[in-house]
Amino acid sequence: MKKISISILLLSSVLSFAKFKLSPLFSEDMILQRDVPINIWGTANPGEEITIKFKDKKTSAITLADSTWKINIGTYPAGGPFDMLIQSVENQQYFENISIGDVWLCGGQSNMEFSLKSLGVFDSIIQNANNKNLRLINISRKSAPSPQKEALVDGSWITVSPENTGKFSATAYFFGNEISNSQKVPVGLVSSNWGGSPAEVWMDEKALKSSPEIALEYRKSDSLNAQEKINQETRKKMLPEWVKKAVFLDSLSIAYEGKIENIPYSDWKQSVLPLNFNNIELPDFDGVMWIVKEIDIPQSFITENIKINLGLIDDADHTFLNGIKIGGKFNPSDDRIYEVPKSLIKTGKNILTIRMVDYGWGGAITSGNKKLCIENNLGDKISLDGLIYYKKGYDITKIEGYVHPNWSYIAGWAPSKLYNAMIHPLKNLPIKGVIWYQGEANAERAYQYRKLFPDLIKNWREAFNQPNLPFLFVQLANFMASESVPKNSAWAELREAQTFALKLSNTGMAVTIDVGDAADIHPKDKKTVGDRLAAQAKKIVYGDNNIASGPTFVSQKIEGNKIRINFKDTGKGIVFKGDMPHEFAIAGPDKKFYYANAKIEGNSILIWSKKVTKPVAVRYAWANNPSRANMYNENGFPMVPFRTDDWRGITSGVIKID
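Sequential numbering of the sequence shown, starting at 1048, is according to this note's numbering.
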């Protein structure tokens, strides 16, 4: 009797657990992939029959012993809207406004993740967008130690509307909108990305272990997990105290506590807002940073309810106006919008002082969703962009017991963990292709990315059982301070590594070295990015014969004291914008580069410099931020950054996975 009772309880538990459930990837307003067999799947009680009625066709399947079911509902051309009825023994779900078209998977890190709303510059587009053939579903952020059967989603499929459009990935929206309009086809965007994530977390275990050095790090990750958990829990608990202690030990804080307005800043170093620590050659500094900004305020501006918008400050701040504290926050993701009493503001020069504390990775003051400004209740604004004075204070890492952040651990980003939860569960979903915006997190390991990124593409193609799955990606934009002389650059090496993926068929790259922001790793001009990805898609996927990329290096020929560079993809011709060609550098046998002169001659460019009499190599836009890069084809696409040498770079041989 006891055995029978236990069996009944177990059976009851299984039946309760396995009740009819449809995969969350399917809902009203969804887009399904045209011209290929379409699968719909879910769970139910073993042996239960599931029936789907779609376009006057009825298809059924019996639920398997593991409680899963999958139904192939057929192959259809583009069209819609249609209805779908899904029935089990006791349940049914009815969906409207389903379309057949092209489904694109949108992956990567924050530059793919950033929504139209979060960028703060596309309000008009959000309010006026009306493409009913463009839809989105967001895959929830999740990390998993093993491949998951089902993905989590944020809500369900959404359509373009004033209420919903702001939720769309900005890059994906502009890409999808252009494809939908140009190809006259419904487009579905499956957004599966996570800001800051490195490439290896988006690959399965098998793919990673094909590379010996990455396999070694993969094996290390689990053994380090226990100690790292202790370290990061300590950090989480102690961080507020460490920040307080850094301020307490800071010499300027000690000397001028209570009299901030008297801090002598005139001989400090100068920079500008928006600010990134990379631009002041302190990319790795963690600790107290003092910022002073002079603001000239006319009498007519001074009203009640004045606010100062300081955007996003990475990480913590105490902010003072004319020596009086007006605000302070600890979290870098919080907007800094501080109320200012009218009595505190002076006519003429006012002194804004910010005591920042950066407690992990590079510090910054960026505009966030709004402009950096001071604003009165009449809507008048005074920009805070431009000249600032700054001084480095106490180094927080000197505090005994301080633990550095390990974001990969905190976010669950050990190798394969995001693939397991956010890509593997999508493998039965037919898709047209992938758009990918990632690489910033791998820049310090750029040499490794030469193999890692193509392996990722091959991994996804195998997962989706599409050997020639179109894979379009964004080359890193310009970022950080511009250099006055040619230098080696991890970001340039990462851009080069990205081009190695172009050796694979059905791949395309959107060059974006002309849309970046020196102070912000998240450039706001996502329309250009999306449009250039769409140009690649139209050429590679949809058969458009137009030029989709800028002039691309083919070969060099040394001609005396000059080097001739030959290009392909020149379209209607090579051109430059502005006074003359910029960002070319030339070197002799000593491997020392100098900025060079350039002359366009048909589909080639002649490069020379008086400082190099026996040239051997040329580089173009080889920098973190090649801000002066101005070479294009007449079709409007920027020249692809390149080098003609194969000299060892600063990331060569760097294989460590943090």
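Please note that a few of the clues may not be correct.
Beta-carbon label-pair distances, calculated as ranges [to be verified]:
1) K1639 to L1434: 30 to 36 Å
2) L1434 to G1167: 22 to 28 Å
3) G1683 to T1350: 42 to 48 Å
4) G1683 to P1124: 29 to 35 Å
It is worth saying that the hints were derived from the structure and are not from the lab.
Since this is a predicted model, take the numbers as computed values, not measurements.
Here a beta-carbon is modelled for each residue, glycine too, at the ideal position from N, C-alpha and C.
Q. When the hints from earlier in the document are held up against this structure, which numbers fail?
A. none
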